[in-house]
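Peer 1: Chains as they are written, first to last, in this note's numbering: chain A, 43 to 157; chain B, 10 to 160.
A few of these clues could be false.
Said to hold, decoys possible - Distance ranges between label pairs, derived from CB positions:
no., chain 1, residue 1, chain 2, residue 2, range
1, B, Arg156, A, Asp78, 17 to 27 Å
2, B, Tyr57, A, Thr156, 26 to 36 Å
3, B, Asp132, A, Arg65, 40 to 50 Å
4, A, Asp146, B, Asp132, 30 to 40 Å
5, B, Tyr158, A, Thr99, 19 to 29 Å
6, B, Ala105, A, Glu143, 18 to 28 Å
Claimed, not checked - Far from chain A, by Cβ distances over 12 Å, these chain B residues were calculated:
no., residue
7, Ala36
8, Arg43
9, Ile130
10, Val146
Hints in this document: simulated from the structure, not taken from any laboratory.
Bear in mind the structure is a predicted one, so any value in this text is a computation, not a measurement.
Yeah, the Cβ is synthetic: ideal placement off N, Cα and C, and Gly gets one too.
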Amino acid sequence: MTNDALFDVTESGHSKVPIVNARGEIDVSTSPELHDVLAGVISRRPELVIVNLSEVTFIDSTGLGVLVGTARDLRAKGGELRLVATQPHIIKLLELTGLDEMFDVLPDTKAAVTR
Amino acid sequence: MSTMSVPGSVGTDHLNRRVEISIPADAQMLFLARMTGAAVATRADLPYDQVEDLRLAIDELCIGLLSSSRGAGQIALLFQWDDGGTLDVVGTSVPAGDPSRSGHRPQEPRHVLSFELSRRILDALVDEHGADDMGGVHRAWLRVRRRDYSA
Numbered sequence: 043m044t045n046d047a048l049f050d051v052t053e054s055g056h057s058k059v060p061i062v063n064a065r066g067e068i069d070v071s072t073s074p075e076l077h078d079v080l081a082g083v084i085s086r087r088p089e090l091v092i093v094n095l096s097e098v099t100f101i102d103s104t105g106l107g108v109l110v111g112t113a114r115d116l117r118a119k120g121g122e123l124r125l126v127a128t129q130p131h132i133i134k135l136l137e138l139t140g141l142d143e144m145f146d147v148l149p150d151t152k153a154a155v156t157r
Numbered sequence: 010m011s012t013m014s015v016p017g018s019v020g021t022d023h024l025n026r027r028v029e030i031s032i033p034a035d036a037q038m039l040f041l042a043r044m045t046g047a048a049v050a051t052r053a054d055l056p057y058d059q060v061e062d063l064r065l066a067i068d069e070l071c072i073g074l075l076s077s078s079r080g081a082g083q084i085a086l087l088f089q090w091d092d093g094g095t096l097d098v099v100g101t102s103v104p105a106g107d108p109s110r111s112g113h114r115p116q117e118p119r120h121v122l123s124f125e126l127s128r129r130i131l132d133a134l135v136d137e138h139g140a141d142d143m144g145g146v147h148r149a150w151l152r153v154r155r156r157d158y159s160a
């Protein structure tokens, strides 16, 4: 089993509100892939980016670091990053690191887009 | 971060409460440490939430060891637990070459941010944790005590 099998990231939505859908485990070996995808997305200067973590089963400090770094870069360009998270342990992790105060965390992509 | 000394024992020397693994110091191998940690935590009869917490805590422990190993050598992990619900994990990065040439790489801002997040995670999830460097060998440890959710 390699980590390629443990992680996948795709993009959906549209140019103004791209949605980055991550699945599986975001750790030190897979967070660079998430970083690269998000860097490509924010280079197009969207106003809003949604990162959908609803199918993420594990995320560590390197994955959270990617999200925080991306949010900062996006804010510097006048944009905003919102998260979709439904897994209790992912929400708990956002809370215990204080990142729930940095990000809007929504229960689904529709809510994240329309909020 | 706690200043506890490296745990040598949690009060038992029973070999059936001691697990050792060694994995390549390769980011793609950390899932093995997480899996082993979860299995050991289950064997130590920690509640489900703590098993999940320990899985993440061991990952964070190993990230620090990986950073010091420069992606070469081995990461050795020792798990020990007792009947009282205390579980210790001691990790050591064993460099492939000259230990004196190992150590943390200069960190990019993104890595510094992750380091701070890692510290916050360990502070929140485990009862004690710490790390040190001796002769180029990086060591990190943590201790968890079984939580009683019935209270």
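Peer 1: Does each hint fit the structure? Answer for all of them.
Peer 2: Results for each hint:
| no. | hint | result |
| --- | --- | --- |
| 1 | Arg156/B - Asp78/A: 17 to 27 Å | violated (38 Å) |
| 2 | Tyr57/B - Thr156/A: 26 to 36 Å | holds (35 Å) |
| 3 | Asp132/B - Arg65/A: 40 to 50 Å | violated (29 Å) |
| 4 | Asp146/A - Asp132/B: 30 to 40 Å | violated (25 Å) |
| 5 | Tyr158/B - Thr99/A: 19 to 29 Å | holds (22 Å) |
| 6 | Ala105/B - Glu143/A: 18 to 28 Å | violated (42 Å) |
| 7 | Ala36 | violated (4 Å) |
| 8 | Arg43 | violated (8 Å) |
| 9 | Ile130 | violated (6 Å) |
| 10 | Val146 | holds (20 Å) |
Going through the hint list in order, the structure does not satisfy hints 1, 3, 4, 6, 7, 8 and 9.
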